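S.K.: In the order they appear, the protein sequences are chains A and B. Numbering-wise, the first sequence is residues 1 to 87 according to this note's numbering. Numbering-wise, the second sequence is residues 1 to 395 according to this note's numbering.
Read the hints as simulated data drawn from the structure, not as lab findings. Please read all numbers here as calculations on a predicted model, not as lab measurements. Do not rely on the hints blindly, as some may be mistaken.
[Claimed, not checked] Calculated lysine-lysine pairs in the DSS-like style (CA-CA distance at most 27 Å, straight line):
| no. | chain 1 | residue 1 | chain 2 | residue 2 |
| --- | --- | --- | --- | --- |
| 1 | A | Lys-13 | B | Lys-197 |
| 2 | B | Lys-156 | B | Lys-232 |
| 3 | B | Lys-197 | A | Lys-8 |
| 4 | B | Lys-375 | B | Lys-385 |
| 5 | B | Lys-156 | A | Lys-8 |
| 6 | B | Lys-288 | B | Lys-257 |
| 7 | A | Lys-24 | A | Lys-76 |
| 8 | B | Lys-310 | B | Lys-342 |
| 9 | A | Lys-75 | A | Lys-24 |
If you want the building blocks of each chain, they are given just below.
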Amino acid sequence: MFSILVAKAGSSKDNKTGSWRSVKRPKFLQKDCIGCGLCKLICPEACIEGEEKNTYRPDYDYCKGCGLCAYICPKKDIEMILETEEK
Amino acid sequence: MKKFLEGSQAVAKAVKLAKPGVISAYPITPQTHIVEGLAQFVADGELKSEFVNVESEHSAASAVLGAEACGVRSFTATSSQGLILMSEVLFNIAGMRLPVMLVCANRALSAPINIWNDHQDSIALRDSGWIQFYAENHQEVVDFILQGYKIGENPKIMLPVMVCMDGYILTHGMEVVDIPSQEQVDKFLPPYNPPYKLDIDNPLSLGLLGDPTVYMETRYAIQDTLNNDVLKLIPQVSSEFESIFGRRTLKLVETYKTEDAEVILVAMGSVAGTIKDVIDEERSKGKKVGLLKIVTYRPFPKEEVFNILKQASRVGVIEKAISLGSDGPLYTEISALFSGEKNSPQISGFIAGLGGRDITEKTIQTVIELVKGKKTSCIFMDLNKELLWEDFRVI
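One chain only, chain A, in its complex shape (with noise of 0.2 Å):
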């Protein structure tokens, strides 16, 4: 007898774990942004997108608001707010 087993690989696109984020998330403000790239290497979600400067965002049904970005981001062009701010 088998229960759950093994899966479909890259099924953990499915989970929308940003639903575990709770009081913070980032606003990237996009205003200082000199396109390091560092808040896309450093989130441990791999959910910032980005290229060009002030290009970068994240994708919030994956981040779970960690606030790594802000911490690293060298021009400070990234903010933690509360989830029951206005966007």
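With chain A's structure known, arrange chain B on it following the hints.
M.R.: Below, chain B alone, put in the same frame as chain A:
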């Protein structure tokens, strides 16, 4: 072909015949000779296998987990502290339904550090979901390995197998053992063809998160497979083995002169040999004594054990492990079988041979005398009372 071999060498030869694609192990007494033999076969080109040297038993178990997950037959061996260090991975191997083969050279657990034989290491892993066989002699170890692969790799089973052999007594003892030919083994054991494996052309995730909505079913599936499928498959595989190799060694339980026995002793592993000698002696004096040897400890063959023991008036369970703070694990399980039964035999438990202390004929004779007396649950045999103090002492 019959050969006079050290137990560890016999194991290495049996594993070689099963052609594992990956072997990974870390040296530990008294297991070391097993993988030493296998490493030599690989180095000499006699066995085409990837021998993965690792920095710990945790890594050795992880390496064979990975190999099996990729659909490759694998082997590892360990003892005592090594088995306990592996334990996290061993639960994962069973949960991921990977039929790894592990030979445990049974050795006591620290502290105090002790390299000699008892069953505490593998008994501590009894709840892990692994199939466990306990061997009495070299021939059984060889045969259990070959049949263990066949049982574990059955597409309806897919569970790991631990073949337990007494450290030193079997691993380092010399005995005549029939090593089958490669042709015979190839006929009996087909190449490993798992129903699922990690394959870059057909990507799968194995080892998933199982939240409260699915976890219980995964445990139930293992429980059902062990208690229904494995218990039924063992006699079938044993019959098939007999038709090719001419002997039947793998059983759920083995009986020795139990038919009319008033007293039945229960034991596992090599001590069964000593007990059989004592029984012969007792029988020559007209005393009706027999032995029930547990070969398959996991899954526990409840029905067979119950049916054999119910005919006796007294049962004595001799075991080389103790659940500290309770009783011997085997005693507890056998007692539970007779819970609420009328006409239950009087069952007593005895702890013997811990840390390599010899279980002599005299030990067994004493057990037989004690079994006839008042019921006891957990008597430590052959204790040296001079080493027991009410207060701490420096020696």
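S.K.: Now tell me if each hint is right for this structure.
M.R.: Here's how the hints hold up against the structure:
1. Lys-13/A <-> Lys-197/B: holds, 22 Å
2. Lys-156/B <-> Lys-232/B: This hinted pair holds, its Cα atoms lying about 12 Å apart.
3. Lys-197/B <-> Lys-8/A: Judged against 27 Å, a Cα distance of about 12 Å means the pair holds.
4. Lys-375/B <-> Lys-385/B: holds, 22 Å
5. Lys-156/B <-> Lys-8/A: holds, 21 Å
6. Lys-288/B <-> Lys-257/B: holds, 8 Å
7. Lys-24/A <-> Lys-76/A: At roughly 16 Å apart (the allowed maximum being 27 Å), Lys-76/A and Lys-24/A satisfy the hint.
8. Lys-310/B <-> Lys-342/B: Judged against 27 Å, a Cα distance of about 10 Å means the pair holds.
9. Lys-75/A <-> Lys-24/A: Distance ~20 Å between Lys-75/A and Lys-24/A Cα, so the pair holds.
In the structure shown, no violation is registered for any of the earlier numbered hints.
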